[in-house]
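Asker: Keeping their order, the protein sequence lines are chains A and B. Position 134 of the first sequence, counting from 1, maps to 134 under my numbering, and the rest follow consecutively. In my numbering, each number is its position in the second sequence, counted from 1, plus 327.
These aren't lab readings, by the way, just hints derived from the structure by calculation. Hints are supplied without guarantee of correctness; some may be wrong.
Said to hold, decoys possible - Output of the computed footprint for chain A on chain B, the stretches with three or more beta carbons under 8 Å from beta carbons of chain A: (1) 393-399; (2) 457-468; (3) 477-491.
Just so you know, these numbers come straight off a predicted model, no measurement behind them. For glycine and all other residues, C-beta sits at the position ideal for the given N, C-alpha and C.
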Amino acid sequence: MYTLDTNDPNISKAITDTIDTPTKDSSDTKDVPLVLQLQIEKPARHGFWAQLRRLPRAWVGATLVLLVTLAALFAPLIAPADPLKQFRNGLSDTGTPLPPSVQFPLGTDILGRDVLSRALYGARISLAVSFLANLIAAIAGTLLGLWAGYYSGPLDWIIMRVVDILLAFPAILLALGLAAVWGHNFQIICLILSVVTFPALVRLVRGQVLSIREMLFVESARSLGAKDWWIILHHILPHTITVVVVWASLSFANTVLTEAALSFLGVGIPLPDSSWGNMIFEGQSRYRIAPWLILVPTTAILITTLGFNLLGDAVRDALDPRTSQRL
Amino acid sequence: MYKYLFGRLIGALGVIWGVATLSFVMVYLMPGDAARMYAGPRAPESTVQRIRVQWGLDQPLSIQYVRYLGRALQGDLGHSTRDNRAVLQAVTERLPATVQLALAGFCVELLFGIPLGILAALRPGSIIDQLATVIALIGISLPQFAVGLVALYVFGFLIPIFPLGGYGTPIHLVLPAIVLGIGGVAFYSRVLRNSMLEVMGEDYVRTARSKGLRSRTVLVRHVLRNAMMPVVTLAGLDLATLLGGVVVVEAVFGWPGIGLQAWTAIRNQDTPMIMGTVLFASIAVVLLNLSVDFLYTAIDPRIRLTK
Chain A
1 MYTLDTNDPN ISKAITDTID TPTKDSSDTK DVPLVLQLQI EKPARHGFWA QLRRLPRAWV
61 GATLVLLVTL AALFAPLIAP ADPLKQFRNG LSDTGTPLPP SVQFPLGTDI LGRDVLSRAL
121 YGARISLAVS FLANLIAAIA GTLLGLWAGY YSGPLDWIIM RVVDILLAFP AILLALGLAA
181 VWGHNFQIIC LILSVVTFPA LVRLVRGQVL SIREMLFVES ARSLGAKDWW IILHHILPHT
241 ITVVVVWASL SFANTVLTEA ALSFLGVGIP LPDSSWGNMI FEGQSRYRIA PWLILVPTTA
301 ILITTLGFNL LGDAVRDALD PRTSQRL
Chain B
328 MYKYLFGRLI GALGVIWGVA TLSFVMVYLM PGDAARMYAG PRAPESTVQR IRVQWGLDQP
388 LSIQYVRYLG RALQGDLGHS TRDNRAVLQA VTERLPATVQ LALAGFCVEL LFGIPLGILA
448 ALRPGSIIDQ LATVIALIGI SLPQFAVGLV ALYVFGFLIP IFPLGGYGTP IHLVLPAIVL
508 GIGGVAFYSR VLRNSMLEVM GEDYVRTARS KGLRSRTVLV RHVLRNAMMP VVTLAGLDLA
568 TLLGGVVVVE AVFGWPGIGL QAWTAIRNQD TPMIMGTVLF ASIAVVLLNL SVDFLYTAID
628 PRIRLTK
């Protein structure tokens with residue numbers, strides 16, 4: 001596919017980038033001449049950070065992620081009020097939520113609680129759910145993907161058919177169904193979200209492993225008598241971990257959205273604890289007179305998802321310049 | 328080729344069987360007693376027992392499973408524990424509204440996504456390209472249901488151009504379709520942009536240019552035609568996402584489709600109805616993907632010849 005026309009700036013750049021980036025998608029390396037493939041193995045990690053620092057998207061994304069993370073971590077210190085406290089003066093005389101004021105910087109909700117405090121505590125729950133769900137999914141997806149890719153056999157076949165089946169369900173519908181059957185509290189929501197996210201990762205990792213295990217360095221390790229677990233741990237895992245990292249940061253944004261959608265549909269984090277989704281769920285009956293009930297949590301969600309998407313996008317570009325800016 | 332298509336068909340049937348089995352497991356794991364729920368808390372035990380026998384809930388699990396599969400094969404996806412309506416009937420009644428919304432959303436995706444992708448690919452790195460990147464990233468980061476509510480607030484309440492939800496006329500369709508399509512616009516514009524940039528580097532494009540064809544001709548005949556292939560593939564795969572989005576959008580706009588029905592079923596704890604809907608939707612996704620595969624062999628001679 002590649003005519004190595006070094007006059008073409010795109011191609012010469014792609015080649016230099018390939019050399020700079022050791023842990024890149026190796027399915028592409030089939031097309032790169034053998035000499036370059038050997039150089040890919042040369043560790044040159046700072047190439048990645050240098051690439052990443054050049055991208056404005058990385059800076060904006062990292063700032064947003066840092067902002068939300070700090071807000072979540074220090075919510076008890078920053079929040080002006082108890083998120084569950086219903087203020088006596090928190091509702092107007094006619095019983096409607098109060099607009100933003102000095103005492104309530106972002107207004108109050110339908111029960112006279114401080115919206116800012118609820119949003120800050122909501123950040124804790126929303127981020128914690130997404131973090132745990134993606135952690136479970138990343139571990140399960142990586143292990144199953146490594147196994148399925150390395151030992152092609154009956155087990156590989158079974159794993160991949162289960163993945164096919166899980167991917168056939170529309171994610172939100174499957175999550176709805178599971179929440180209906182399993183109930184919904186914090187732990188179960190984490191589990192449900194990881195069930196709907198991990199199948200895609202299994203496919204991704206398996207595809208990666210399939211091409212890596214055919215490469216020369218794996219063959220040479222095997223011919224030197226390395227055991228399977230050693231090869232997987234030292235030769236295959238390092239080459240798949242970057243895929244997992246990029247996947248995780250993009251999937252994180254998605255999980256925040258799915259969790260919010262579930263809470264909005266009433267099967268997410270149970271009230272009165274606040275998550276951004278159930279704040280919108282609670283506020284939707286009154287949003288015409290109190291639009292901040294919707295706007296505040298929506299903005300919080302957008303900051304988070306945009307931050308992780310920007311960061312994930314930038315990380316992927318920095319790792320693999322040739323798939324530049326693919327969503 | 329026939330071997331390939333046959334393999335795909337068998338695979339799809341296998342997935343459908345798996346989907347049905349998983350749905351069965353989930354319904355069976357349901358906490359609470361379906362018969363008791365249908366009869367109501369004050370019904371005598373004898374009535375509940377009679378319903379249990381009637382629904383076959385007194386049988387061992389294996390027999391229930393075989394019967395369940397047998398019924399599913401005949402198009403019986405179970406009955407609502409709420410009003411004992413057949414799930415399939417309830418779903419097919421609501422299906423036209425969902426199909427209408429999904430198609431409209433799909434049109435929005437392509438109508439805005441494709442031009443945006445082309446614009447971005449024509450001048451990679453330009454202001455337009457960067458703007459398209461930002462739009463796309465914001466597009467995939469937006470929570471659909473919240474956008475729906477904000478859109479209702481702005482265009483239904485502050486500036487009353489569109490009705491505040493509801494169903495019937497084309498004007499009711501505009502807001503839900505746009506909200507449903509936003510994520511897809513972002514997605515397709517990026518896919519098309521990258522695929523166009525890849526195709527533009529191919530030899531046959533250079534040949535077309537060097538033989539003096541007008542750039543418009545090269546773009547439409549040579550670049551766009553080939554660059555659309557990944558878009559077609561992803562359109563098939565994306566249907567699951569679209570159907571998932573339908574649930575949320577229908578809930579926001581009160582759109583009387585299968586998504587709204589599933590949501591109502593959740594609030595009624597009507598598990599057979601939910602799982603029936605989920606089963607129906609996943610079978611639809613599998614079959615649609617299968618037809619995309621079949622279409623593909625018709626469109627792309629490379630698949631027809633090699634596989």
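Asker: Which of the numbered hints above does this structure break?
Answerer: Of the numbered hints, just 1 does not hold.
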